[in-house]
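> Chain residues, written in single-letter form:
Protein chains: 2
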Amino acid sequence: MTSELDASLTRGTRPVVVQKYGGSSLANAELIHNVAQRIIHRKGDRVDVVVVVSAMGDSTDKLIALAHAVTKGSKPDAREMDTLKSTGELVSSTLMAMALKSHGYDAISLSGPQAGIKTDTVHGSARIADINTRRLRDELDQGRIVIVAGFQGLADSGDITTLGRGASDTTAVALAVATSAERCEIYTDVDGIYTTDPRLTSKARKLAEISFLEMLEMAVLGAKMNPRSIELGLVYDMPIYVASSFSDEPGTLIHGGEYTMEVRKAVTGIAVDRNVAKITVRGVIDRPGVAAGLLQPLADEGISVDVIVQNASSEGTTDFTFTVTGADVQRASDVVRAQTRVEFAEVVTGTDLAKVSIVGTGMENAPGYAARMFSTLAEAGINIDMITTSEIRITTLIKRDEIQNAVQALHDAFELEKTD
Amino acid sequence: MTSELDASLTRGTRPVVVQKYGGSSLANAELIHNVAQRIIHRKGDRVDVVVVVSAMGDSTDKLIALAHAVTKGSKPDAREMDTLKSTGELVSSTLMAMALKSHGYDAISLSGPQAGIKTDTVHGSARIADINTRRLRDELDQGRIVIVAGFQGLADSGDITTLGRGASDTTAVALAVATSAERCEIYTDVDGIYTTDPRLTSKARKLAEISFLEMLEMAVLGAKMNPRSIELGLVYDMPIYVASSFSDEPGTLIHGGEYTMEVRKAVTGIAVDRNVAKITVRGVIDRPGVAAGLLQPLADEGISVDVIVQNASSEGTTDFTFTVTGADVQRASDVVRAQTRVEFAEVVTGTDLAKVSIVGTGMENAPGYAARMFSTLAEAGINIDMITTSEIRITTLIKRDEIQNAVQALHDAFELEKTD
Numbered sequence: 001m002t003s004e005l006d007a008s009l010t011r012g013t014r015p016v017v018v019q020k021y022g023g024s025s026l027a028n029a030e031l032i033h034n035v036a037q038r039i040i041h042r043k044g045d046r047v048d049v050v051v052v053v054s055a056m057g058d059s060t061d062k063l064i065a066l067a068h069a070v071t072k073g074s075k076p077d078a079r080e081m082d083t084l085k086s087t088g089e090l091v092s093s094t095l096m097a098m099a100l101k102s103h104g105y106d107a108i109s110l111s112g113p114q115a116g117i118k119t120d121t122v123h124g125s126a127r128i129a130d131i132n133t134r135r136l137r138d139e140l141d142q143g144r145i146v147i148v149a150g151f152q153g154l155a156d157s158g159d160i161t162t163l164g165r166g167a168s169d170t171t172a173v174a175l176a177v178a179t180s181a182e183r184c185e186i187y188t189d190v191d192g193i194y195t196t197d198p199r200l201t202s203k204a205r206k207l208a209e210i211s212f213l214e215m216l217e218m219a220v221l222g223a224k225m226n227p228r229s230i231e232l233g234l235v236y237d238m239p240i241y242v243a244s245s246f247s248d249e250p251g252t253l254i255h256g257g258e259y260t261m262e263v264r265k266a267v268t269g270i271a272v273d274r275n276v277a278k279i280t281v282r283g284v285i286d287r288p289g290v291a292a293g294l295l296q297p298l299a300d301e302g303i304s305v306d307v308i309v310q311n312a313s314s315e316g317t318t319d320f321t322f323t324v325t326g327a328d329v330q331r332a333s334d335v336v337r338a339q340t341r342v343e344f345a346e347v348v349t350g351t352d353l354a355k356v357s358i359v360g361t362g363m364e365n366a367p368g369y370a371a372r373m374f375s376t377l378a379e380a381g382i383n384i385d386m387i388t389t390s391e392i393r394i395t396t397l398i399k400r401d402e403i404q405n406a407v408q409a410l411h412d413a414f415e416l417e418k419t420d
Numbered sequence: 001m002t003s004e005l006d007a008s009l010t011r012g013t014r015p016v017v018v019q020k021y022g023g024s025s026l027a028n029a030e031l032i033h034n035v036a037q038r039i040i041h042r043k044g045d046r047v048d049v050v051v052v053v054s055a056m057g058d059s060t061d062k063l064i065a066l067a068h069a070v071t072k073g074s075k076p077d078a079r080e081m082d083t084l085k086s087t088g089e090l091v092s093s094t095l096m097a098m099a100l101k102s103h104g105y106d107a108i109s110l111s112g113p114q115a116g117i118k119t120d121t122v123h124g125s126a127r128i129a130d131i132n133t134r135r136l137r138d139e140l141d142q143g144r145i146v147i148v149a150g151f152q153g154l155a156d157s158g159d160i161t162t163l164g165r166g167a168s169d170t171t172a173v174a175l176a177v178a179t180s181a182e183r184c185e186i187y188t189d190v191d192g193i194y195t196t197d198p199r200l201t202s203k204a205r206k207l208a209e210i211s212f213l214e215m216l217e218m219a220v221l222g223a224k225m226n227p228r229s230i231e232l233g234l235v236y237d238m239p240i241y242v243a244s245s246f247s248d249e250p251g252t253l254i255h256g257g258e259y260t261m262e263v264r265k266a267v268t269g270i271a272v273d274r275n276v277a278k279i280t281v282r283g284v285i286d287r288p289g290v291a292a293g294l295l296q297p298l299a300d301e302g303i304s305v306d307v308i309v310q311n312a313s314s315e316g317t318t319d320f321t322f323t324v325t326g327a328d329v330q331r332a333s334d335v336v337r338a339q340t341r342v343e344f345a346e347v348v349t350g351t352d353l354a355k356v357s358i359v360g361t362g363m364e365n366a367p368g369y370a371a372r373m374f375s376t377l378a379e380a381g382i383n384i385d386m387i388t389t390s391e392i393r394i395t396t397l398i399k400r401d402e403i404q405n406a407v408q409a410l411h412d413a414f415e416l417e418k419t420d
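Protein chains in written order, with this note's numbering: chain F, 1 to 420; chain E, 1 to 420.
Here chain F stands alone, though its shape is the one from the complex:
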């Protein structure tokens, strides 16, 4: 009886920690070996460890290049592309399990399907529908470290799906939720979340913590994290810890609770998106359905539209402006010119633009922050092209070559280098 009781106490009662390692942390055999030692160290904390891995280095890009080479320029089939890309994470997950076993630790790799990750059938950007953790739980109960291939799942059709670029983060947070983990740890080539891009100002400071909502704005605006994983953390209240896979420096905890580690500032950080273009459709005959008429053809082509501004109508016509990534600008303006539902005078494009945003939950209900942002930029001689705001974010569109000037001015104005 006693030994059975002991077994039930040790089985399934250890806290679970989910770790995720990105591709640059796994780019070669030596790095995989190093990460294996970090995992072993974490396992020593008497926790059950689930590790989600991305594909090694640039291996996914190499597979994509091969696909384009065999199809000679025509678009590779989405279903085949998903199975092809999923092999990158199978390689890294099996190598990691081998590396751990060679150190004498019991480990096993699970593909997305083996880890019970069920998705819808949208190849290339599938969403997780459900996770059946039975096998994962069994392996953990046997004391094993479980390595899960990120980024992939299984559709009801029996076909492999992928969750979209960078979605191994999403796999990790979803598995943390499904296993009721203590937290999800994302190890990457940056060592945490900073007040702004440290390449833009030496005063950039690493944050000890940030809220999900703030991080969501930062992620969308160019910080190196997958926004879907932050959303998932927000919805299921799963704390996400972001830190370097190359050092033991403390990272940043993204969470939904009260700030506990530092006094809360109104503005938490400055996000930058460097590669923005705008398209202005001038002289649009203003009638109901204009916005849909212009934007639906873009959506049909898979072009993401970001900031959208429609000027007040004068004399029956209006100007309609939106932003896209620099890579999409030519294709987007072609689509707009080719559509026939909306009459317009001309299409004008503007490139070499950037978005600079201040983000912080403390700005809610505090209108003074917008004014201070705009006056700071004005004093620095920076012209603002467009403005858009959310509850906790104020975004300005400026010229790309003024990014550094803008960030330094704003970082100083909001005293982000100070912790209180």
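Honestly, I wouldn't trust all of these hints.
When chains are identical, the list treats them as one kind, so a pair holds in a single copy or across two.
Capping the alpha-carbon separation at 20 Å, the derived lysine to any residue pairs in SDA-like fashion look like this [what the hints assert, rightly or not]:
(1) K72 / N34
(2) K118 / V235
(3) K399 / I387
(4) K206 / D191
(5) K118 / G158
(6) K75 / N28
(7) K75 / G164
(8) K206 / S247
(9) K118 / S157
(10) K62 / N28
(11) K72 / Q37
(12) K62 / A27
(13) K75 / Q37
(14) K75 / H123
(15) K72 / Y105
(16) K203 / Q404
(17) K75 / N34
If you are wondering where the hints come from, they were derived from the structure by calculation, not from laboratory data.
Chain F is fixed; fit chain E onto it per the hints.
Below, chain E alone, put in the same frame as chain F:
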């Protein structure tokens, strides 16, 4: 009614052809593109086409090298190794399906598990237990070309298995049997089966046909085909056509029926195995269990033993000789020396040996062939070290540097350059 009848006539009633393409035929995007065109050409024959692919070029070797790098010399886990290696065929199968689709042909890739290939759980050298062709049949019935990842299957545990080196041939023959295909076509970098290795004599002649039993002997003795696939063809009477993937030259049909294309010769071919070593255990105390006592420890170490000769006993001791591949000789002699069940005087090794065999079903019940072989070698001044025979094969062990001399003499003596 008529259209339903038409549909039932076209569905599932087209003959099925299974093709297999080896890794050297798929080594880069251009070659994959070329093979896609060959497949399309075959599809034009109003047949259902199932294509089995190996991994691209040396990609499997690269994966194995990575595994050894991360485990730093210790043996990589067999289960992880199987999932790792299986990715090579997933890559080539998805790329082939994409290439076909880019030519406007409907195609789909299926992994081993998706193709319903169930195996036992012996990782690294699993055997096919069963094939559920439901999905494969569905895809063919929809007019699709089905590309199956060779070399892999699914164990009952839900884990990926591989069938062993070169076993994509086995996948192809097994699928041909399971789909009641007309025949299995193996396309490779050789253009058929020759009377002997063409590098050894310019008189070597490509055979239009060869029997399963003869091919089995040739395959075991070094011809470039997987013996298990020949066995499978023999057991299920599935004709196997071997030809070049780079040309349209006619190849060789391996089959179990009567010879129809050429007059049957007594000796069909000469097989050569270049890398043989022998181990002689001298002064073995002769009592029951000697052979098992010497060979079981070798089997336990995974060392394959080939020709075995035990000399007649004299004065209570005997000499026991067997051959292994050159790569295994040091390990094998160590194992024999370390075993304690059999007492012996000394272990002597001989290296740089080769096996030269004549093969032909016509030799059954015709003892004159052995005598002609031995006298031919004697006239050529070649010393025979060991002899072993089967129903349709006579094998001699000779010095490696006498291979060419032996093959040319035998090819002439049995008039293999002539078709009648």
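> With identical chains, the pair K62 and A27 could be close in the same copy or across copies; at 20 Å between alpha carbons, which is it: within, between, both, or neither?
The answer is both: 13 Å in one copy and 15 Å across copies each meet 20 Å.
> Taking 20 Å as the upper bound on the Cα-Cα distance, should K206 and S247 be classified as within, between, both, or neither?
within (15 Å within a copy, 63 Å between copies)
> How would you label the pair K72, N34 (within, between, both, or neither) given a Cα cut-off of 20 Å?
between (39 Å within a copy, 12 Å between copies)
> Please sort K75 with G164 into within, between, both or neither, judging by C-alpha distance up to 20 Å.
Cα proximity of K75 and G164: one copy only (17 Å, versus 34 Å across).
> Regarding K75 and N34, is the shortest C-alpha distance of 20 Å or less found within a copy, between copies, in both, or in neither?
between (38 Å within a copy, 18 Å between copies)
> If the cutoff is 20 Å on CA atoms, where do K118 and S157 land: within, between, both or neither? Let me know, please.
Classified as both; 10 Å inside a copy, 19 Å across copies.
> Under a CA distance limit of 20 Å, which applies to K118 and V235: within one copy, between copies, both, or neither?
For K118 and V235, the Cα distance is within 20 Å only inside one copy (19 Å; across copies 40 Å).
> Which holds for K206 with D191 at a C-alpha limit of 20 Å: within a copy, between copies, both or neither?
This pair counts as within: shortest intra-copy Cα distance 8 Å, inter-copy 65 Å.
> Checking K399 and I387: alpha-carbon separation at most 20 Å within a copy, between copies, both or neither?
within (13 Å within a copy, 86 Å between copies)
> With identical chains, the pair K72 and Y105 could be close in the same copy or across copies; at 20 Å between alpha carbons, which is it: within, between, both, or neither?
For K72 and Y105, only the inter-copy Cα distance (15 Å) is at most 20 Å; the intra-copy one is 45 Å.
> Checking an output row: K118 and G158, CA cutoff 20 Å. Within, between, both or neither?
Both: 10 Å inside a chain and 16 Å across chains, each within 20 Å.
> Can you give me the call for K75 and Q37, within, between, both or neither, at a CA distance of at most 20 Å?
Between copies only: 18 Å across, 41 Å inside.
Of the hints listed earlier, there is not a single one the structure fails to meet.
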